[in-house]
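Student: These protein sequences, in sequence, are chains P, B and C.
If you want the numbering used here, it's the 1-based position in the first sequence plus 12.
If you want the numbering used here, it's the 1-based position in the second sequence plus 2.
If you want the numbering used here, it's the 1-based position in the third sequence plus 3.
The set of hints was computed from the structure by calculation and includes no laboratory data.
All C-beta atoms, glycine included, are put in the ideal place defined by N, C-alpha and C.
Do not take every clue at face value.
[To be verified] Rough simulated footprint, nothing fancy, chain B against chain P, three-plus residues with beta-carbon under 8 Å: (1) 235-245; (2) 280-288; (3) 291-298.
[Unchecked claim] Looking from chain B toward chain P, a few residues come up when the C-beta cut is under 7 Å (computed): (4) Ser192; (5) Asn199; (6) Val221; (7) Tyr224; (8) Ser262.
As a plain string of letters, each chain reads:
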Amino acid sequence: MIEAEASTSSKAGVLRIANLVVQAGRGQDMTAPVTDVSLDVCRGEAFGIVGESGSGKSLTLRAVIDLLPEGLRRSGGSIAVRLDEGADWVSDVATLRGRGISMIFQEPMTALNPTMRVGDIVTVGARAHRGLSRTQAHDLAVELLAEVRLPDPEAQVRKWPHQLSGGQRQRVMIAMALATDPKLLLCDEPTTALDVEVQDQILQLLDRIRRDRHLAVIFVTHDLGVIRRLCERIAVMYAGQVVEQGTVRDVFAAPTHPYTAGLLASMPTLDSDPAHPLTAIPGGQPDPRERRGGCRFADRCEHDQPDCHTMTYALGPVRGHASLSACRRADELTGALS
Amino acid sequence: MTGDTTRLSIDDLVVRYGGPDGWWRGLSRKPGFLAVDEVSLRIPAGQTLGLVGGSGCGKSTIAKVIAGLQKPTSGVVQLDDRVLPERRSKADARLVQMVFQDPSSALNPRLTVRQTLTELLRTHGLATGTATARRIAELLELVGLSQRVLDVRPRRLSGGQRQRVGIARALAVEPSVLIADEAVSALDVSVQAAVLNTLQRLKRDLGLTMLFISHDLAVTRYISDSVAVMQAGRIVERGTPEVVLSNPQHPYTRALVAASPRHDQIASLSNEGVNT
Amino acid sequence: MTEQALMEVMTAAANPRRGASRLRLLDPALIGAVLIAALIVLALVAPMVSGHDPALNNLAQRLQPPSGQHWFGTDQFGRDLFTRVFVAARIDLLLGLLGALIPAVIGIGLGCAAGYFGRWVGTIVLRLADVIQSFPNYILVIALVLLLGPGPKSFLVGAAISAWVTYARLVRGVVLRIRSNDYIAAAQAAGLGHRRVLTRHVLPNALPQAIVYGASDLVLSLGFLCSLSYLGLGVQPPAIEWGQIIAEGQTFLRTQWWISIAPGLAIIYVGIAVRLIAVGMERRTTE
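Put together the whole structure using the sequences plus the hints.
Tutor: In structure tokens form, the structure reads like this:
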């Protein structure tokens, strides 16, 4: 188990995000879908970012690699990456795209270029960055397709994307991401669009690859079940902020933020009792344009107090827990939240 | 449970896409795609049948056939022992209503909530004049929506609110059967819980007969009185949730069960270790 | 909000044009509408404003350049061009509009049917569109002129026969996309007949795009009308029309250029105004 917040300069830190702000628009129309997000990821670890739609989790990931959509930009904080132990921290992370950092995306049906064969798709980045010859590229493609457990890789290399199923395409995307020998893999909801069975297989695959290659993986998803299966440490995001951070075990067994607790309680499990209503969190996430001061969850929180609506955001330690929480009442509430 | 009147039944339903139609069926060798392969189901009055399966297994096709939106290749749909024809009259159309998956395409973007509901009430002569406003208010209350959404267009509503409007729309014509086709799948977990609670309440208060379709076994199990598992157009397993979950027979069902969360797994990871 | 909706909100916020009230005054649709309104007003009152009769020959004043007395100059018959150009606007605007409206109605209707019902209805409409489109417009109109004689009738019939095609294809595509939305299925499942579904649910969502195209088509229609009249096949004298005036001034283009230029500028003016309206409407439909 990785100790929660040991400084990453002493561990093999790979990614350091400090006080990240992502902004859209200017002046009066300015909104910030991501505010004050800080995370550290270590070499070889599986780090999960969990949140519902609109929490800013995807944007945070895209900000790392500078792939923000049109109109959004990073406007505060810092991002630094250190791919090799002992190397310097690099701030211009975009240059490392395909050269140490790779990303896989959610929609396997549209993520592959339909006019390119599978083999070419997988090796196009590697050929560009490592100058491989055609035969070298072919061999690499076969090797990678085998690593992602696609049957009969020699034949797959020549196939077209439309001949593959969603799960197979996702494997191809993973192979493509691995082709450039990354040290950090960013995953933006890669299993959300897949069937449950296939999802399972892909998660197992990602876990194995991570361990074999000692790869750091950041996994963004809304699915708590997926997080549970793949990640060691997680950050829970709500309305653009990290509200809780810690190991999966700690956070799931003893959540230290009312939102996390609410999220866990609202998920139906196989043994939920149909006679009891599910614990739903009333209301919805606040529109980023309508944020006022104070805790962004306060309006929906059953433990809120007047001060909660005016406090400033801070992610801090909680007595008796290893997790960090943004709830100012975390110390008092620990019993009530589990 | 046996001995209850059967409200909805399907017998030997077959839906084949792209195959030869009509009189040249015998002549052409084009196979087409078999979406539904001889499926039979029964839903007793006031109960919920959960239909689970992955994408492409045919569950949505079954929903469309029951709702009269899709013509079956063969097979019979019966409501209260009366055969529902493929082409539904206006009166028949009221009997089965559907709630759709995608909140962003389920509502006409140009109509306010009030207009959407009013149109239905008027078309079927269910309310006129002042009675309309009252009925609409009732419907909103039923699904847990504030009256403030009435003059708002779907664009300004959240996913959860849109789904509730979709449920209100379905209930407006007072159907005998409600089909929820992945009705909560596109919603966030916390919103999903709220909408599920609403459906549970409606089940109880209105005695709704419901067909609940989903790919999520945990959600389905929560709301259903009986469960049927589908794969590749066939039902591979069925029974009460307890039976299906505690002793899944079919490998697909077993895979589904294995992949679905259990409470103890979430709460403490002490037995499992983190990465199984 | 869904992630998608959030992204949209963010992009909208990033784009300062939207929601900025100060730009409401510079709304292109408003400007365009004002321009057209001004033209219509002048078209109606031009003879009173200028004090000249558009048909009055005055050979003593022939081929005069623009002056205080004749603001646009005179043509070879001494007729005041200002009055002529603006009186011609009545016919040009009206016929230009009809030349877009009639095909629009036909095309939107056929396109809706093709997209909504699909299968053989769609096939028939598409193939008919192919056939019509492959036939050159001008030849068609010339044939019509031979049949019906020159004049606005041939122009309108020609437009009705050939210009609906683009509307139909456009609307068909839009309707296909609309049809895939669940609210259409919901309306059908609720027992609404095809007619209701089409008028209440399909058409209102398909019209905005058709109207935006229609604005562009208006300019095309006007251009076609002027070309025909220029060739002598369109509006016949004594009715006054821009293309006609351009033709009249052609021989004098090098020396008394104002005769042809004035109506030419009028056509451009309408083109700009209508385009502004189209841009304004397009912005509204994408909100």
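Student: Do three or more residues of the region 291-298 of chain P come closer than 8 Å to chain B, measuring C-beta to C-beta?
Tutor: It holds: at least three residues are needed, and the region 291-298 of chain P offers 5 whose Cβ sits within less than 8 Å of chain B.
Student: Hold the hint about B/Val221 up to the distance rule: shortest CB distance to chain P must be less than 7 Å.
Tutor: holds (5 Å)
Student: Classify the hint on B/Ser262 as holds or violated, based on whether any CB of chain P lies nearer than 7 Å to its CB.
Tutor: Where the cut-off is 7 Å and the nearest Cβ of chain P is about 5 Å from B/Ser262, the hint holds.
Student: Are there at least three residues in the region 235-245 of chain P whose beta carbon sits under 8 Å from a beta carbon of chain B?
Tutor: holds (count 7)
Student: Just to be careful: measuring from the Cβ of B/Tyr224 to every Cβ in chain P, is the smallest value less than 7 Å?
Tutor: holds (4 Å)
Student: Quick check on B/Ser192 please, does its C-beta sit within 7 Å of some C-beta on chain P?
Tutor: Check passed: Cβ of B/Ser192 comes within 4 Å of chain P, closer than 7 Å.
Student: Three or more residues of the region 280-288 of chain P near chain B by CB distance under 8 Å?
Tutor: It holds: at least three residues are needed, and the region 280-288 of chain P offers 6 whose Cβ sits within less than 8 Å of chain B.
Student: Under the criterion of a CB-CB separation shorter than 7 Å, is B/Asn199 in contact with chain P as hinted?
Tutor: holds (5 Å)
The structure is consistent with each of the numbered hints, conforming to all of them.
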